[in-house]
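J.: According to numbering that gives the first Met the number 0, the residues represented by the sequence shown are 0 to 146, in order.
Simulated from the structure, these hints should not be mistaken for lab results.
Keep in mind it's a predicted model, so treat the numbers as computed, not measured.
Watch out, some of these pointers could steer you wrong.
Derived lysine to any residue pairs resembling SDA-like cross-links, with alpha carbons at most 20 Å apart [claimed, not checked]:
{"id": "1", "residue 1": "Lys29", "residue 2": "Gly10"}
{"id": "2", "residue 1": "Lys46", "residue 2": "Ser62"}
{"id": "3", "residue 1": "Lys132", "residue 2": "Ile142"}
{"id": "4", "residue 1": "Lys46", "residue 2": "Ile22"}
{"id": "5", "residue 1": "Lys95", "residue 2": "Lys44"}
{"id": "6", "residue 1": "Lys140", "residue 2": "Arg125"}
{"id": "7", "residue 1": "Lys5", "residue 2": "Ala64"}
{"id": "8", "residue 1": "Lys55", "residue 2": "Asp33"}
{"id": "9", "residue 1": "Lys2", "residue 2": "Pro41"}
{"id": "10", "residue 1": "Lys4", "residue 2": "Arg40"}
{"id": "11", "residue 1": "Lys145", "residue 2": "Phe134"}
{"id": "12", "residue 1": "Lys132", "residue 2": "Val91"}
{"id": "13", "residue 1": "Lys29", "residue 2": "Met69"}
{"id": "14", "residue 1": "Lys115", "residue 2": "Gly97"}
{"id": "15", "residue 1": "Lys90", "residue 2": "Lys115"}
{"id": "16", "residue 1": "Lys59", "residue 2": "Ala48"}
{"id": "17", "residue 1": "Lys29", "residue 2": "Ser18"}
{"id": "18", "residue 1": "Lys55", "residue 2": "Lys115"}
{"id": "19", "residue 1": "Lys95", "residue 2": "Ser110"}
{"id": "20", "residue 1": "Lys46", "residue 2": "Gly10"}
{"id": "21", "residue 1": "Lys4", "residue 2": "Met69"}
{"id": "22", "residue 1": "Lys95", "residue 2": "Tyr68"}
{"id": "23", "residue 1": "Lys90", "residue 2": "Val116"}
{"id": "24", "residue 1": "Lys44", "residue 2": "Lys55"}
{"id": "25", "residue 1": "Lys5", "residue 2": "Lys46"}
{"id": "26", "residue 1": "Lys90", "residue 2": "Met101"}
{"id": "27", "residue 1": "Lys115", "residue 2": "Ile99"}
{"id": "28", "residue 1": "Lys95", "residue 2": "Phe123"}
{"id": "29", "residue 1": "Lys132", "residue 2": "Tyr68"}
{"id": "30", "residue 1": "Lys95", "residue 2": "Pro133"}
{"id": "31", "residue 1": "Lys55", "residue 2": "Gly25"}
{"id": "32", "residue 1": "Lys95", "residue 2": "Leu107"}
{"id": "33", "residue 1": "Lys55", "residue 2": "Lys95"}
{"id": "34", "residue 1": "Lys115", "residue 2": "Ile105"}
{"id": "35", "residue 1": "Lys90", "residue 2": "Asp111"}
{"id": "36", "residue 1": "Lys130", "residue 2": "Leu107"}
{"id": "37", "residue 1": "Lys55", "residue 2": "Cys21"}
{"id": "38", "residue 1": "Lys2", "residue 2": "Thr13"}
{"id": "39", "residue 1": "Lys44", "residue 2": "Ser24"}
{"id": "40", "residue 1": "Lys95", "residue 2": "Arg125"}
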Amino acid sequence: MIKTKKEYSNGVVTVVYESDLCIHSGVCSKGLPDVFQPGTRPWVKAKGAGTEEIIKQVQKCPSRALSFYMNSPDREDGEKGPVKAIEAGHKVEVFKDGPIMMEGPITLVGSDGQRKVVANACYFCRCGASKSKPFCDGSHKDIGFKE
Numbered sequence: 000m001i002k003t004k005k006e007y008s009n010g011v012v013t014v015v016y017e018s019d020l021c022i023h024s025g026v027c028s029k030g031l032p033d034v035f036q037p038g039t040r041p042w043v044k045a046k047g048a049g050t051e052e053i054i055k056q057v058q059k060c061p062s063r064a065l066s067f068y069m070n071s072p073d074r075e076d077g078e079k080g081p082v083k084a085i086e087a088g089h090k091v092e093v094f095k096d097g098p099i100m101m102e103g104p105i106t107l108v109g110s111d112g113q114r115k116v117v118a119n120a121c122y123f124c125r126c127g128a129s130k131s132k133p134f135c136d137g138s139h140k141d142i143g144f145k146e
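From just these sequences and the hints, can you work out the full model?
T.: Written out as structure tokens, the structure is:
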């Protein structure tokens, strides 16, 4: 298969399409038909929906053929170029003065190499005081942990 990479922008976000990765599941066009229109040229109409809607739909791409990057030169990670879509359903949240929550399912690989599947959510210690590291046990409250 010929590798092609095309970009489509609405001015705020740029959708990147890598044709050689696409499995043609139709998730994109079924989820956001005003933006993703296979069989038309260009097939991605980046102005067909709001930026947040586009990002959420791109993140559902099962093959990662679709990715995106923000057009702002001030991206949080300081890099330019595509941000690969994350798997649908996964989320990492940092709680103020508390733990990091990771929503599953995930595979946790311990320092001993042991693998454990976490189906729902798990909370990781940021303060260093937990007695059940890497997990949070609420010790951040006891020691007055602040960001």
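J.: Going back to the hint list, which numbers does this structure go against?
T.: 1, 2, 4, 5, 13, 14, 18, 19, 22, 29, 32, 33 and 35
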